[in-house]
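Q: If you want the building blocks of each chain, they are given just below.
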Amino acid sequence: QTVVTQEPSFAVSPGGTVTLTCALTSGSVSSSYYPSWYQQTPGQAPRTLIHSTNARSSGVPDRFSGSILGNKAALTITGAQADDESDYYCVLYMGSGPAVFGGGTKLTVL
Amino acid sequence: QVQLVESGGGVVQPGRSLRLSCAASGFSFSSYLMHWVRQAPGKGLEWVAVISRDGGTKYYADSVKGRFTISRDNSKNTLYLQMNSLRAEDTAVFFCARAPPLDKYDSSGYYFDHWGQGTLVTVSS
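For the record, the sequence lines run as chains A and B. Note that this note's numbering has the first sequence beginning at 6, numbered continuously upward. Note that this note's numbering has the second sequence beginning at 3, numbered continuously upward.
Isolated chain B, as found in the complex (with noise of 0.2 Å):
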């Protein structure tokens, strides 16, 4: 069946860097775009990034751009984000997603039909 486990969450400072990972399996994970989406104490869901099946298309939430970098390894079947600069608002459940392509063009993924359990994140001095 299908999985997606996150992992590397944890405490850090503001300003310091944290890679996130998904570990997805029972599926073809490079047939697939594949997301995060992150959620502060409290709030709602916020999608963060998107990338593609072969990794060469990205899309960033405003609030992360330049900040945080997705990033794909299809032969270890992983999905990273790179969070550098780290603040305060970025504490949050950090969730991975897969979403089908709607079309072969499609970079996005039209609904996210599977979730990991999440991974927190906290940044505080």
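Excised from the complex, chain A in its bound form (with noise of 0.2 Å):
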């Protein structure tokens, strides 16, 4: 069974730059798993920021950045925000079939 892990939370100063990963319990993700990555606050619907590895969605902040780093999937916030305090989930694409979500990781904001 595929896994997606994620870190369970982070932290990160105002103004400061944090990267999250997201990686796979066996093998290594690449851009042919398109990660995408989704940003939600409590009690709202998650917001698409990134796709196909670092494609920003319309109206998403250029702070927010994709990468592949090493044999993960990246996001990068620089500049934090207060607002950007959220969690974060990342989508791998396995080809047709179930999606696949990782965990989320809590991001604070302090």
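Just so you know, the hints here were simulated from the structure itself, not pulled from any lab data. It is possible that part of the hints are untrue.
[Said to hold, decoys possible] Below, a list of computed lysine to aspartate or glutamate pairs in the EDC-like style, where the Cα atoms sit at most 20 Å apart:
id	chain 1	residue 1	chain 2	residue 2
1	A	K111	B	E48
2	B	K60	B	D105
3	B	K45	A	E12
None of these values were measured; they are calculated from a predicted model.
Combine both chains into one complex, guided by the hints.
A: Structure, rendered in structure tokens:
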């Protein structure tokens, strides 16, 4: 069974930079998985940030960027702001079939 | 603009049924794969089901297989989720989400580009 893992939690200072990652329990993540990233604040629907590794969705600030770092997908937030405090989820495309979410990372800005 | 509006949530007893709807507007509904994703209270996002553009291919999470049925009516621009034999652990906010196809053979979509606001399903006696 494919399992996608993310850091359960992370903290960043206002104005700081943080990189969240998305990994497979077996194997490496590459651009062939078209990694996508979603931001969710409590009580709200998810918001699509990044798709296809590094393509920002419409309206997403350029302080959010995606990449492949080693064998993981990564979401980097540069110049973190208070309203970036959210849960972040990644999804890896496995081809036609079930979608697989990572467990999510709770980001605290303090 | 793209809009996805879920409805049909509510409180239901264990073992009973409920049907969710997702009304789509602002885009060519039949050109996109459509998903249901849920979130139990205090938990992460859990994928539930996906349906292909013509409705001919469907995939389900193991946790709902045999109990839930995803369907779509492209003439009404509406996505459905029929939920039978509901359990307490099905309590969640259910979101519908749109997914563009990677290519003409793709029956899942490679990411979620638009989301509805969600509808709450509570299974309780």
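Q: Next, verify each hint and record whether it holds.
A: Hints, one by one, checked against the model:
1. Taking the CA atoms of K111 of chain A and E48 of chain B, the gap is near 16 Å; set against the 20 Å cutoff, the hint holds.
2. A C-alpha spacing of about 17 Å is found between K60 of chain B and D105 of chain B, which places the hinted pair at or below 20 Å, so the restraint holds.
3. The suggested pairing of K45 of chain B with E12 of chain A holds, with an alpha-carbon distance near 15 Å, which does not exceed 20 Å.
The earlier numbered hints are all upheld by this structure, with none contradicted.
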